[in-house]
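For the record, the sequence lines run as chains A and B.
Just add 6 to the spot in the first sequence (first one is 1) and you have the working numbering.
Just add 6 to the spot in the second sequence (first one is 1) and you have the working numbering.
Hints may be right or wrong, so weigh each one.
To be verified - Estimated spans, in silico, between C-beta atoms of each pair: (1) Ala298(A) - Val16(B): 42 to 48 Å; (2) Leu138(B) - Thr56(A): 41 to 47 Å; (3) Glu12(A) - Gln221(B): 44 to 50 Å; (4) Arg241(B) - Gly159(A): 44 to 50 Å; (5) Phe299(B) - Gly200(A): 35 to 41 Å; (6) Val16(B) - Gly21(A): 46 to 52 Å; (7) Gln136(B) - Pro215(A): 49 to 55 Å; (8) Arg46(B) - Gly159(A): 27 to 33 Å; (9) Glu228(B) - Glu12(A): 46 to 52 Å; (10) Ile57(B) - Asp202(A): 30 to 36 Å.
Unchecked claim - Beyond 10 Å from chain B on every Cβ pair, some chain A residues (computed): (11) Ala19; (12) His139; (13) Asp210; (14) Glu257; (15) Ala258.
To be verified - Only part of the chain B face toward chain A is listed, based on derived beta-carbon distances under 10 Å: (16) Arg61; (17) Asp67; (18) Leu71; (19) Ala78; (20) His128; (21) Val144; (22) Trp151; (23) Arg152.
FYI, nobody ran anything at the bench for these hints, they're computed from the structure.
Think of the CB as a built atom: it goes at the ideal place given N, C-alpha and C, for glycine as much as any other residue.
Number of protein chains: 2
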Amino acid sequence: MWRHSELLRVLRARGDLWDVAPGVTGLRGETARLFAALERRIGELCLGETIDEWRVPPAIDFATLARADYFASLPQWLTLASHLSGREGVLLRVAEHPEPALAVRDAATPPIVALNPAVCYHVYAGLAGQILHAPRLVTAQAGCWRHEGARHGTLERGWAFTMREVVFVGNETDARAFLRCAAEQATQLAGGLGLDSAIAPATDPFFAPTARAKQLVQRLKELKHELLLPIGDGRTTAAASFNLHDTFFGEAFRIRLPDGRPATTACMAFGLERWTLAFLAAHGPDAARWPAFPALGELAEVSDV
Amino acid sequence: MWRHSELLRVLRARGDLWDVAPGVTGLRGETARLFAALERRIGELCLGETIDEWRVPPAIDFATLARADYFASLPQWLTLASHLSGREGVLLRVAEHPEPALAVRDAATPPIVALNPAVCYHVYAGLAGQILHAPRLVTAQAGCWRHEGARHGTLERGWAFTMREVVFVGNETDARAFLRCAAEQATQLAGGLGLDSAIAPATDPFFAPTARAKQLVQRLKELKHELLLPIGDGRTTAAASFNLHDTFFGEAFRIRLPDGRPATTACMAFGLERWTLAFLAAHGPDAARWPAFPALGELAEVSDV
Chain A
7 MWRHSELLRV
17 LRARGDLWDV
27 APGVTGLRGE
37 TARLFAALER
47 RIGELCLGET
57 IDEWRVPPAI
67 DFATLARADY
77 FASLPQWLTL
87 ASHLSGREGV
97 LLRVAEHPEP
107 ALAVRDAATP
117 PIVALNPAVC
127 YHVYAGLAGQ
137 ILHAPRLVTA
147 QAGCWRHEGA
157 RHGTLERGWA
167 FTMREVVFVG
177 NETDARAFLR
187 CAAEQATQLA
197 GGLGLDSAIA
207 PATDPFFAPT
217 ARAKQLVQRL
227 KELKHELLLP
237 IGDGRTTAAA
247 SFNLHDTFFG
257 EAFRIRLPDG
267 RPATTACMAF
277 GLERWTLAFL
287 AAHGPDAARW
297 PAFPALGELA
307 EVSDV
Chain B
7 MWRHSELLRV
17 LRARGDLWDV
27 APGVTGLRGE
37 TARLFAALER
47 RIGELCLGET
57 IDEWRVPPAI
67 DFATLARADY
77 FASLPQWLTL
87 ASHLSGREGV
97 LLRVAEHPEP
107 ALAVRDAATP
117 PIVALNPAVC
127 YHVYAGLAGQ
137 ILHAPRLVTA
147 QAGCWRHEGA
157 RHGTLERGWA
167 FTMREVVFVG
177 NETDARAFLR
187 CAAEQATQLA
197 GGLGLDSAIA
207 PATDPFFAPT
217 ARAKQLVQRL
227 KELKHELLLP
237 IGDGRTTAAA
247 SFNLHDTFFG
257 EAFRIRLPDG
267 RPATTACMAF
277 GLERWTLAFL
287 AAHGPDAARW
297 PAFPALGELA
307 EVSDV
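Chain A with its partners taken away, still in its complex shape (with noise of 0.2 Å):
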């Protein structure tokens, strides 16, 4: 097992990574045709689950945030985006500013929309209304943000990160089948890529002052389980979450079952750069020495041609 720090500093030094701002980092080289692989490994274990992948958007509307409880649960997560004015003095005063940084965040509109915290409520948002008269299995990835503060870590904590998410809607029994399975099939992928991995319990952040978010949390509790992998140092990154949700977006997006009740949701969700970390710290940052593993073998391929 690599040293954190270590591994950071030999990736860095060859210019195999680089973070524009903190928590938002950019791959080349061999760490990017590894997380190529990663992604596309997790995408096969997810699509072999079910073939209905959806390309969702890669922000939400506020309305959709609201019916989800966001604001009220996990507000401090968010990331909002803004256009600047249309205006054209605005925009001059921008272009011919001395320093444009600092013109520019005087320019942006009121944000309408939020960066993707999760893939999920696309999908709750996806299938609002509708009565379900078989389970349904979604896959979807995107890009998601999250701002934790000072938490920020490269690859281990992401303001922006990439999430694969299987979700399940349906019943409660066979929601509970689904999460046996996915944490099996996790913790496989997990062997299969030379990683030792735990499951262990776990809650969300839920923003503690409010009323609503202490509900949530009782409500919720011992519903979420995370797959844990090492990276160094003794410490361990949640690198999947699975997570039951009861009937709470069933009822918030009026998804029902055949004889009117609602929907049980269930998903788990992976976190790429997160896996891509724990390898590295695994197996080092050299190329030669990784085990191949058949997305990796793929890439090794085309790189011969």
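Once you've looked at the hints, dock chain B against the given chain A.
For chain B alone, coordinates are given in the frame of chain A:
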């Protein structure tokens, strides 16, 4: 060729596309599968050019944009990302507000990054200060954001959209050869998909009032071409562009040739949503009537499993 409005009506009616804001679109069903197939096909074409694939960050710092003269030349397109204040009182107001969508607008801190307006600025920044002993070819795909006021159209002109670029950095002769080859490859790609295409000269819509923009227009004229694809109703969309930047970015980012002169840069950019729209306009929304192409065939096999 399908009528544009009729095509979108059919796709919306069967749930294949939806907008969360003007120009911010999600895809499902056959349309999502088509997008994925085109994404893969275009990615293969670009990886054929080069295996130096970067995974650029989803946002870009203001210093890089200033260095690229972006604030002076195209400020009207900018979209900024802001996280919320970390102060508990501010978050509490959002969490408990009866209309959180209103409260959240006042809770955002000044933006510190812009969402990518294009992919290639990351490449110039990544090569800044280097002396190139051989030409560089880099490819990357990323979500991009350009706000175009009231001009947004679903798939045709997104506020958010997906760009795949190949960036060339080297000498002028090789840059021109790269662009000739790029335009030929894009034309062949269109033909292979059963799409009529035409290459036409174009100019970027530089922010007109500034003297700086006028200089840019003068300097960069006749250096941009676009591949136009029909989208019905007698209209076309610029589905790819081929751009020669002379030594503009070589100078700005101090990327030099071995003899000390600034490098010439050029890029080819594909707009994936526009290729999807042009394909649908030509072949209709019914997947059973689509012509096969390699990446689509591969996906079809997956769906048969």
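Violated constraints from the hint list, given by number and in increasing order
When the structure is compared with the hints, none of them turns out to be violated.
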